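**Student:** Note that the protein sequences, when read in sequence, are chains A and B.
Using our numbering, read the first sequence as starting at 662 and increasing by one per residue.
Using our numbering, read the second sequence as starting at 4 and increasing by one per residue.
In case anyone wonders, no lab produced these hints; they're calculated from the structure.
Note that this is a predicted model, so its numbers are computed, not measured.
Do not take every clue at face value.
Claimed, not checked - Quick list of the computed label-pair ranges, beta carbon to beta carbon: (1) A:A840 - B:T127: 42 to 50 Å; (2) B:C239 - A:T834: 50 to 58 Å; (3) A:Q870 - B:E102: 41 to 49 Å; (4) B:R110 - A:A840: 36 to 44 Å; (5) A:R827 - B:P298: 55 to 63 Å; (6) A:P729 - B:R68: 48 to 56 Å; (7) B:R110 - A:G784: 54 to 62 Å; (8) B:G14 - A:T834: 31 to 39 Å; (9) A:T805 - B:P78: 24 to 32 Å.
What the hints assert, rightly or not - Covered by chain B, according to a simulated footprint, are these stretches of chain A (three or more residues, beta-carbon under 8 Å): (10) 674-683; (11) 892-898; (12) 906-917.
To be verified - Pairs of lysine to any residue residues, derived as SDA-like cross-links and limited to a Cα-Cα distance of at most 20 Å, are as follows: (13) B:K274 - A:R899; (14) B:K274 - A:G888; (15) B:K228 - A:Q859; (16) A:K666 - B:L241; (17) B:K274 - A:P823; (18) A:K940 - A:G888; (19) B:K163 - A:R826; (20) B:K274 - A:R826; (21) A:K666 - B:K163; (22) B:K274 - A:E896; (23) B:K274 - A:P663; (24) A:K836 - B:N255; (25) A:K836 - B:Q256; (26) A:K940 - B:L233; (27) B:K274 - A:K940; (28) B:K274 - A:P890; (29) A:K666 - B:T253; (30) B:K274 - A:E931; (31) B:K228 - A:K940; (32) B:K163 - A:L665; (33) B:K274 - B:N255; (34) A:K754 - B:G292; (35) A:K666 - B:P78; (36) B:K274 - A:G825; (37) A:K754 - B:N238; (38) A:K666 - B:N238; (39) A:K940 - B:T253; (40) A:K666 - B:A257.
Glycine residues also receive a C-beta, built at the ideal position from the N, C-alpha and C atoms.
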Amino acid sequence: MPSLKTLAHNAETDVRFTGGHSLCRGCGAPTVVRTVLNSIPTPVVVVNATGCLEVATTRYPTTAWGVPWLHLAFENAAAAASGLETAYRALRKRGAIPDEPLTFVVFGGDGGTYDIGLQALSGALERGHRFLYVCYDNEGYMNTGIQRSGATPFAAATTTSPSGRRDYGKHQTRKDITAIAIAHHIPYVAQAAISHWQDLSDKAVRASQQQGPAFLNVLSGCALGWGHPPADTIEVVRLAVETRYWPLYEVVQGHYWLNHRPERPLPLEEWLSRQDRFKHLFASENREHLTELQALVDAEWTQVEARAVVDAPWFEARPEMRGGRV
Amino acid sequence: MREIRWHGRGGQGAKSMSQVLAEAWLRQGRWVQAFPEYGPERSGAPVTAYTRADARPIRIHHAVRNPDAVVVLDPSLLGEVPVTAGLRPGGFVLVNSPESASSLAERLPGVRVLRVDGSALARTAGGNYANVVLLGAVAGVLGEPALEALQQAFAATFAKLSPEAVAVNFKALEAGYRAALEEAERPGPGAVQAAPTPREDLPGAVVLAQDAPHPRTGGWRTGLKPAVRLEACVNCLLCWVYCPDAAILTENQAFVGFDYQHCKGCELCVKACPTAAIEMVPEGLELVGQGQLTPRTQGGRHA
Chain A
662 MPSLKTLAHN AETDVRFTGG HSLCRGCGAP TVVRTVLNSI PTPVVVVNAT
712 GCLEVATTRY PTTAWGVPWL HLAFENAAAA ASGLETAYRA LRKRGAIPDE
762 PLTFVVFGGD GGTYDIGLQA LSGALERGHR FLYVCYDNEG YMNTGIQRSG
812 ATPFAAATTT SPSGRRDYGK HQTRKDITAI AIAHHIPYVA QAAISHWQDL
862 SDKAVRASQQ QGPAFLNVLS GCALGWGHPP ADTIEVVRLA VETRYWPLYE
912 VVQGHYWLNH RPERPLPLEE WLSRQDRFKH LFASENREHL TELQALVDAE
962 WTQVEARAVV DAPWFEARPE MRGGRV
Chain B
4 MREIRWHGRG GQGAKSMSQV LAEAWLRQGR WVQAFPEYGP ERSGAPVTAY
54 TRADARPIRI HHAVRNPDAV VVLDPSLLGE VPVTAGLRPG GFVLVNSPES
104 ASSLAERLPG VRVLRVDGSA LARTAGGNYA NVVLLGAVAG VLGEPALEAL
154 QQAFAATFAK LSPEAVAVNF KALEAGYRAA LEEAERPGPG AVQAAPTPRE
204 DLPGAVVLAQ DAPHPRTGGW RTGLKPAVRL EACVNCLLCW VYCPDAAILT
254 ENQAFVGFDY QHCKGCELCV KACPTAAIEM VPEGLELVGQ GQLTPRTQGG
304 RHA
């Protein structure tokens, strides 16, 4: 599995993503992109759905991308990647282009993945195209001013699910996009977080080696939308993992492997209290919603953990199929 | 027609002030426009805004190319954005800066430069926002709209502010208005600026990363930059992996310093460093190499 020295070496010899973009101070998205792209050994083609990442890295006439890069709308990144991959396969078969390995990587935010691009994503996963879809999940439409998305957690305040005297933030629960991807019975699905770069890097490598679709849901961060100092982005995401809010796991051919089991899980409040979007949950009248959110988190963790326990023998028979523990 | 161009950074209120100015002119019976121009606006990124006012209806709907006045809310933009582009003969550039007007004029040759220390005046008035002072100042130099109209427009635009906050901002507006009057009386060279040539756009052009200019996002920093005690660095590269701006420089997979042209000063490297080898230091502090503290400059907790 790649070390940071390997990633740095790759970045020195083949610059795939540079600075000079206009993403916010302390943004989490570049860490997703750089870690994923610097981990994949083959040349890559990047397909980028609309979102913060796309808008801020390609201000005309500049670009932060050192790879072939295609911009798509919110809704069709996965469809365009399907077409690219199919054309590439056809041209290779015909001998029109060299028979060299190439990885197609889609980057989409949670808006472009959970919500607007879901239909195209579902189609591409079901058809079995060989590509890696990476969702950099910052839990809201941050680019357009912090509106709620299907990824916004229950009770989080956004500009369209505000908290106040009459309300406690988002009423609905977060959509489990990772589970939706798993339900497509594709070879590889994983959840990762920017705070655990080694786990993310390993998963990018494993995902890129699959013969069919792979889906990576990476918890990124958003200082502006979550409401914390830019310097805290990594720490806040780490707390999401350590409080079990965001389980790090992978699903190989339908089998669950849990990559991280916090020895002493922290109470959810440790994560919530660091973000302004959950500030209102600490008021006495909102305590019940905090309890409700904790119950949702516990239920998801229990479900993933139970599956991992059931599937442990499958991995024991095939140790090469699973990632490490972090 | 009066045409004003505002330069600021996302979050400094260039857009708001362009609107308040238009609102004030509207109250004096003028036809007005106010609109911002930005790409993906990010807190700290350069932002441009425009204000137009005329006694007749305004039929044009494009960015201001030949302004009568340019307002620069953040002096760090001077090296980053062509603030004097297209300035009309007789026009002026008003800069928010503690620096003297003559030293600013050296950096902006050939144009009339006026300066107002908006940040200091805002503090004296009890507020934090230099943009309000600069709004007062630009109106002061132009001789319109009247201070009262500005105050009414401000109160109408920021109707949700408390009466105390409004009072503070009224004071800031007035301070800017008066400071500018003094400043404008100082004789200075007139402006002779050619209009800019329109950018040649290339539809469908392929932009390669190595050819494209990389915007210098180092100007986003707000007074502090990272520095390293290299002897304490264990070369774990955690700062490298977590830097959003690829501003950690490596050679042969070893940390060598910072790319200050692109570092936005987010401090994630400081937080990521397990040996506390990286710390934030004042922008002006003298460093060696690509951001190393010398024994002399190692102040604070490392002294």
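**Student:** State for each hint whether it applies.
**Tutor:** Going down the list of hints, with the structure as the test:
no.	hint	in the structure
1	A:A840 - B:T127: 42 to 50 Å	violated (58 Å)
2	B:C239 - A:T834: 50 to 58 Å	violated (38 Å)
3	A:Q870 - B:E102: 41 to 49 Å	violated (57 Å)
4	B:R110 - A:A840: 36 to 44 Å	violated (58 Å)
5	A:R827 - B:P298: 55 to 63 Å	holds (59 Å)
6	A:P729 - B:R68: 48 to 56 Å	violated (36 Å)
7	B:R110 - A:G784: 54 to 62 Å	holds (56 Å)
8	B:G14 - A:T834: 31 to 39 Å	holds (33 Å)
9	A:T805 - B:P78: 24 to 32 Å	holds (31 Å)
10	674-683	holds (count 7)
11	892-898	holds (count 5)
12	906-917	violated (count 0)
13	B:K274 - A:R899	holds (13 Å)
14	B:K274 - A:G888	holds (18 Å)
15	B:K228 - A:Q859	violated (28 Å)
16	A:K666 - B:L241	holds (10 Å)
17	B:K274 - A:P823	violated (31 Å)
18	A:K940 - A:G888	holds (9 Å)
19	B:K163 - A:R826	holds (17 Å)
20	B:K274 - A:R826	violated (36 Å)
21	A:K666 - B:K163	violated (53 Å)
22	B:K274 - A:E896	holds (8 Å)
23	B:K274 - A:P663	violated (23 Å)
24	A:K836 - B:N255	violated (43 Å)
25	A:K836 - B:Q256	violated (40 Å)
26	A:K940 - B:L233	violated (39 Å)
27	B:K274 - A:K940	violated (23 Å)
28	B:K274 - A:P890	holds (12 Å)
29	A:K666 - B:T253	holds (10 Å)
30	B:K274 - A:E931	holds (18 Å)
31	B:K228 - A:K940	violated (30 Å)
32	B:K163 - A:L665	violated (50 Å)
33	B:K274 - B:N255	violated (24 Å)
34	A:K754 - B:G292	violated (52 Å)
35	A:K666 - B:P78	violated (39 Å)
36	B:K274 - A:G825	violated (33 Å)
37	A:K754 - B:N238	violated (45 Å)
38	A:K666 - B:N238	holds (9 Å)
39	A:K940 - B:T253	violated (40 Å)
40	A:K666 - B:A257	holds (8 Å)
In summary, the structure is inconsistent with hints 1, 2, 3, 4, 6, 12, 15, 17, 20, 21, 23, 24, 25, 26, 27, 31, 32, 33, 34, 35, 36, 37, 39 from the numbered list given earlier, while agreeing with the others.
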